[in-house]
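Novice: Residue strings, one per chain:
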Amino acid sequence: MSVAEAPASDTSGRGSAFSGATGGEELSIVEPLIFERSRAQRRAVRFPQPSDRARQRAAGQPTLPASALRQQAPRLPEVSELEMLRHFNRLAHLNQAIDLNFYPLGSCTMKYNPKVNEWSARLPGLAESHPLDPEGLAQGSLELMWLLAEQLKEISGMAAVSLQPAAGAHGELTGMLMTRAYHRSRGEGDSRTKVLVPDSAHGTNPATATMVGYQTVTIRSNERGGIDLEALRSALGPDVAALMITNPSTLGIFEDQIDQVVAAVHDAGAIAYMDGANLNAILGRFRPGEAGFDVMHFNLHKTFSTPHGGGGPGAGPVGVSDKLEPFLPSPTVVLVEGGATDVLRNARDGRSTPGARWTLDDDRPDSIGKVRSCYGNFGMFVRAYTYIRSNGAEGLRTISEDAVLAANYLRVRRHDVYDLPYDRLSKHEVVFSGRRQKRQHGVTTLDIAKAILDHGIHPPTMYFPLIVEEALMVEPTETESL
Amino acid sequence: MSVAEAPASDTSGRGSAFSGATGGEELSIVEPLIFERSRAQRRAVRFPQPSDRARQRAAGQPTLPASALRQQAPRLPEVSELEMLRHFNRLAHLNQAIDLNFYPLGSCTMKYNPKVNEWSARLPGLAESHPLDPEGLAQGSLELMWLLAEQLKEISGMAAVSLQPAAGAHGELTGMLMTRAYHRSRGEGDSRTKVLVPDSAHGTNPATATMVGYQTVTIRSNERGGIDLEALRSALGPDVAALMITNPSTLGIFEDQIDQVVAAVHDAGAIAYMDGANLNAILGRFRPGEAGFDVMHFNLHKTFSTPHGGGGPGAGPVGVSDKLEPFLPSPTVVLVEGGATDVLRNARDGRSTPGARWTLDDDRPDSIGKVRSCYGNFGMFVRAYTYIRSNGAEGLRTISEDAVLAANYLRVRRHDVYDLPYDRLSKHEVVFSGRRQKRQHGVTTLDIAKAILDHGIHPPTMYFPLIVEEALMVEPTETESL
Amino acid sequence: MTYSPHTDADRARMLDAIGVASVDDLFADIPASVRASDWDLPPSLSEQEVRAELARLAGRNRIPDVSFLGAGVYRHLIPSVVGEVIGRSEFATAYTPYQPEVSQGTLQSIYEFQSLICELTGMEVATASHYDGATATAEAALMACRLTRRSRVAVSAGVNPDYRRVLETYCSGPGIEVVTVPIDLADGGSGTTSLEPLADDVACLVAAQPNFYGQIEPMRELATVAHDAGAQLVAVVEPTSLALLEPPGAYGADLVAAEGQPLGIPASFGGPYVGLMAARMASVRQMPGRLVGATRDGSGRKGYVLTLQAREQHIRREKAASNICTNQALMALAATAYLSAVGPQGLREVAELSMTQARHLVAAMEEAGVGVRRFGGSYFAEVAMRVPDAARRHAALAEQGIVAGYLAERDAPEMQDTLVLATTELTTDDDIARLVSALEATR
Amino acid sequence: MTYSPHTDADRARMLDAIGVASVDDLFADIPASVRASDWDLPPSLSEQEVRAELARLAGRNRIPDVSFLGAGVYRHLIPSVVGEVIGRSEFATAYTPYQPEVSQGTLQSIYEFQSLICELTGMEVATASHYDGATATAEAALMACRLTRRSRVAVSAGVNPDYRRVLETYCSGPGIEVVTVPIDLADGGSGTTSLEPLADDVACLVAAQPNFYGQIEPMRELATVAHDAGAQLVAVVEPTSLALLEPPGAYGADLVAAEGQPLGIPASFGGPYVGLMAARMASVRQMPGRLVGATRDGSGRKGYVLTLQAREQHIRREKAASNICTNQALMALAATAYLSAVGPQGLREVAELSMTQARHLVAAMEEAGVGVRRFGGSYFAEVAMRVPDAARRHAALAEQGIVAGYLAERDAPEMQDTLVLATTELTTDDDIARLVSALEATR
Ligand SMILES: Cc1ncc(COP(=O)(O)O)c(C=O)c1O
Ligand SMILES: Cc1ncc(COP(=O)(O)O)c(C=O)c1O
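So the protein lines, in turn, are chains E, A, S and X. Here the first sequence is numbered in numbering that gives the first Met the number 0, starting from 0 and rising by one per residue. Here the second sequence is numbered in numbering that gives the first Met the number 0, starting from 0 and rising by one per residue. Here the third sequence is numbered in numbering that gives the first Met the number 0, starting from 0 and rising by one per residue. Here the fourth sequence is numbered in numbering that gives the first Met the number 0, starting from 0 and rising by one per residue.
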């Protein structure tokens, strides 16, 4: 199927949904809408009737005021359980997915999502735990969150971590709100109005700056795909709040002047923000905290392999240096009884620490506040914790080694076929250009993607980053075999 | 794909399995063998190393004698977890299944297998219960088996039920072994050597008779598709051990002389066995026990909807009249403390009965013995119990009403197209004949099946029962919508 | 261990092809001064070990035997068939459906999700999806500011306190002021939002139906209050209640935000959930987040694609309506599967049974003299009860594995000695009896 | 409730088309004299009610905290990925793959299963599948009778007592006599099968490796004993042990039977499991059960089909090799997925760790003076320990949630005061310590 942009007005099946089933004449694999399978009075799941006692007792209580009642029941589909299930199973068969085939969608780290992670997330003790349960009933959830935050600190070298943001972009928002709170605390809230963003950045970076009320200034890349240091230095000044830099970048390149970049930003009194979406390439090799970054976000769903779910859920924890710590979202999980070293050692051995107790600290006067209800996408924390424990210290290093090996292998193996605008060491991914194919044969990157589709493989990311003509961004990850 | 009978000799992939991966030249949806994905040293699941303490203590104990060791490791596939999973997921996509589309395979009752049944079977308290756990730790399993047996008794009108047989044919074996034990107990073990089986019977019936050392005598059907009473009466005699009759029959027809059939069998001193594979059509309408049958089997996986798993597991409980009760397989579950009425009433209300206790009674001197290790396919009992409780007294009746409605509806709707050798009320299914299509157009039933395949629907059972030329046996079940 | 398939031979082959001697060479681009020092992380675990560790943590939680806790997160039945759908790895291990040819499953299900949310809310367009109800509410308020070109937001004190905090945080970004519209919290009062006129520079009024205390708000009147000030009404709703309650589209809401968790999603200590947002078609170009539209392919076959992407960050960058990218798609699928499985009749049964049990609970508490309703008016399936010495008794019951709802004074000091108790279709008569007798025992 | 999709309108439409007035008319063919009387069954339950009822029953079982119970059913790790595979409804809700065009998934996976079993056992052909290890053993013995045209079966007393009982029952059908070959049960004895010559009318000798007491049998010698009598050797094996132990094909077994439960299948109170059977190619036409073969389709593409069906009941009826029809296909898939997931190295780790823990257990028990090995010789991962007053202590430990293995006197009166204790890779050092101290405490 080749598709055009849809008419904007049809984003809901209501109009046609109840006009009856599609005719049976035309045979195709296309699955009708669930509404088209509906027939009045058909049922799947049913519920019990209230007991007589409940009914009697309820009788004396106020009903809903007539003015608040709806006139017509919502026209939800009426289908049998089997019809419902078949519908979604058939839709599932129309998808490509990691669990079926290679899915080298660049920038998305489409690696294997281990099934044991799902096992963990479904443990009733975790899945059925209510976020507002009294803390005494929720010590397991709190310990898990605390342990995960400790691990993310160790992995990133940051001083403190909040798990609250629900995705990478949400982490960016959180980080930039903290940036602003920091400048405000120093009386520079009004003077620092700009955020610098390299031209290779992901769209969420500039969009985030806007949401925080900052103005985006684009910094061009140099001919090696890195940030142009001169351009950066000249843009930096007392009106700059932060630099948001993605490292490794969306070109799959490690910013090899990163030390100078961070120094320049700090010299200007600005905050160095690292977009950690591509952390999968540098585990155990580079820790943003050690390099002086003030704030970063993790894409837990990418690096720590939680299933991407057709577009989410994810999780976007933020790590900060000491200087931003007071501004972290509230609450944070704190260990109030028992020693951190003991707890870490015991957990390493699979043991609970007698007497240890955690609490949610919501008394954080400088905090930017809450960015999400409750504490974040807890189910993703469970999966990420499982993943980190499964891999362990050595395994996490191997992940990055193998991911980088695979990307470089692809780079050299496809080097003859496609142009390589930045022919340097790759990190998590390699970005080719189809410009030659386009010029010489009139074959666009879109055409190439369609050809890849015919092999049952999901195409790479296309036409991004914007600075590469006819870009084809391939991220093999460490879990694809030769 | 149209396939021929396979060469008999290639039933194992060993020969070619390790000769290397299939070439990448040819593009096809065909999935290589798991062995072809193997690469030395590749791993999926790993296991821990023994602790130092365990190793030290084990050191003083005997190792395996060298003579008992294998010389070469088994050549199991060496694949990553993702490769393994993709392999089976892709294979899954090559199957048709109830959960994807209509699957009217006659005689197999391919109805919806409710997902809540799977939920039940996975409850750790049931799934992790060891069959030899001390009875005090297994009262839940025993109560469930007891309750299910009670329900099957109520549904069938039989006096006692054993859940032990693992499938329908296994139930037949059990029933016929009991039949022989019964005749032996009366000194007729050697004289009664024949089992009568109608010509429309499923192949398992005569095969079972052979396994029990009986000789099969085939009884022809009359022109109405029922058993020929005259033929039956003349075959009956002091050398006959039993009649095995399927009711409703494999023609989808209820034997409307069943009262006379059972009487004739009993008059001859023989045992009346009912193959209950097609019980789905007669729940609440006909109880074999009330009609005088001495023994029957249930196909739990059909009538009580446990997933058929690509060919099993199933479960084939047997029900017997009082006269065969002593011969039931051992052990049976008995309630040794507490009253049956109390327990049944409490279970109806979802409550346990204080003080009730069950035990496995293995002191059954006349029993035929065990037909299976442990107590049968317990996981199927869990699903069937869930199903019976979900549907309840009324729901079970509705199942049969709707299954019969659907079969008759199909009968009248396809009546013009196909010949109907026995144009009578249908029960669970309807058997058409493609003889007209074959004679007039040279289109065989096989050709028709292939055309049905092209609609994404699983074809009906073909060329069975044997007495119908070019048979097409369609069982819609109660869960297919109009 | 890792999940890497690479054997040492594979690695050697790759290094060889790349032309480097060791894997360290591939990290030569990291300046020496910033190379990572050693880390202290636990060693790898086999599957059985990691399962033991997670079972340990799960075992340190105690799932209450009886719970009346809601406060935005509700324990409803999740039909087994819903778990089956979202467990399918073709859905779970795909990503954003940029490539429609290989994503029709995800795309069509999102389109159905949007349609279902429109049905429930009576609105014309729904997004897919937001992080949760709180962020959906905040984004709706920001959207109202863009639509009205105003920069003050009024929020009812009857809106979930967590949502109000998130709203504050989001508004602090572009410097939007948030003003709180009080609700009548007096004992015996209405428990609903003040109908005082709004200032005419307010972009929107955010109000919840039912509100945080379960009370039924006069939404039609609140819409008038908002519209009289030239502001929009952002209705924050509870989706199962919409089986019975008037849809926001009918009482004049301009924007709707909701938490989708009650629709087939487990409590899971706070997430993942799904934020719902719906609006009028006229406002669609200011909507944040993803939208899927129906279209036809070259050969005329129906299909689905991401649409109106020119609102989104990957196209518009700093001019985008929001920075949202990864959202909660799989949870939206759970809601889609849930609504398809229960249908209109099932959703009605859920709502009615939840309501009946709430009333049963109130009667039982009042009968036993352990509590009385704090407010007048009507309520849905959550109810504020005045219970003497509530904090102490709430804690005492927790020790016994009984959670006596939400302690209102946590967020509203004037709400001392008040428990907000939620019931659902899973609340049994026995649960109510146990709560009442436990409260009696702590008198 | 039922899962029927039919509304009353649907039913009316069908009745109308059929031309009958009521559904009762469709049952008119049931003679009045045998129509069912009313039944007494419980009313229907909604999903939440039925789940509560099943949770009640599950809660009445107590899963032991520590268990050394094996006796044919072993608690091994079931990798999550195995559950994922067999949970796929394309496998679970299909049936016997009679129609190869729409069953290649099932067919190929069965072919792989057969290949894996051949690899493990060193045999040439394997069936797919049997009800369990006991019935596979019985069917193998019957097959040996057909192959040798003899009608006596010799079975070692070291074979699982349940298997021997099932064998007796199956042999009683065609009137085959079963004779028991003793094992040396004397305290301090070998614990293995007697090597006395067999009578020359015996069709086969059935012996287990390891045997029921965990002892390593001299299989090569037993093969000679069998062959010397012109009989076949039926080896009953434990599949994980074949990572280390000589495959039956190498020591002269003619037939192999096994319980596949240890390969990724939960204990589930006794089933569903899967029976494995393997043989030499020369005997294939006497094999009972299903076989899948590789073939090519019209256009030369590889595919898989049911093969050699002329042995089966649906073709041969009373002349079939067995009456088996529905088997344990999904459990065979579990074993296939398991063996693919663990691979040769993983299976070896399972076997080695299980063995190490058995030896650790013996040493710990002997050190603490709570038990000594009953037999000489070697053992795999299950071991017979002489423990004074075993029956009382076994019962006392069960009360504490510790299952101290299998009480041997249940089946062999001469084995008083003997516990047969099994270890697997899931047995922890802590489990061993807890067992030992609990035994100490009951001295
Ligand atoms: C480099 C980069 N930054 C940020 C993001 C945003 O993360 P999320 O989609 O989790 O919001 C992405 C996601 O694709 C990304 O690739
Ligand atoms: C009429 C009839 N009898 C017996 C059987 C055998 O049952 P099972 O396959 O469970 O062994 C079947 C199975 O198809 C059948 O249809």
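Please note: incorrect hints may appear among the correct ones.
Quick list of in silico lysine-lysine cross-link-like pairs, DSS-like style, CA-CA up to 25 Å [to be verified]:
1) K449(A) to K437(A)
2) K437(E) to K449(E)
3) K322(A) to K152(A)
4) K449(A) to K322(A)
5) K318(S) to K449(E)
6) K322(E) to K193(E)
7) K193(A) to K318(X)
8) K449(A) to K301(X)
9) K301(S) to K193(E)
10) K322(E) to K152(E)
Because the hints were derived from the structure by calculation, they are not lab data.
Novice: Against this structure, judge whether each hint is valid.
Specialist: Each hint tested on the structure:
1. K449(A) to K437(A): holds (14 Å)
2. K437(E) to K449(E): Distance of about 14 Å is within 25 Å: holds.
3. K322(A) to K152(A): holds (15 Å)
4. K449(A) to K322(A): violated (49 Å)
5. K318(S) to K449(E): Violated - the C-alpha atoms of K449(E) and K318(S) are around 30 Å apart, more than 25 Å.
6. K322(E) to K193(E): It holds: about 20 Å lies between the C-alpha atoms, which stays within 25 Å.
7. K193(A) to K318(X): At roughly 15 Å apart (the allowed maximum being 25 Å), K318(X) and K193(A) satisfy the hint.
8. K449(A) to K301(X): holds (19 Å)
9. K301(S) to K193(E): The hint is violated at about 45 Å.
10. K322(E) to K152(E): Holds, because 15 Å separates the two Cα atoms, which is no more than 25 Å.
Figure legend: structure checked against the earlier numbered hints; hints not met, in rising order: 4, 5, 9.
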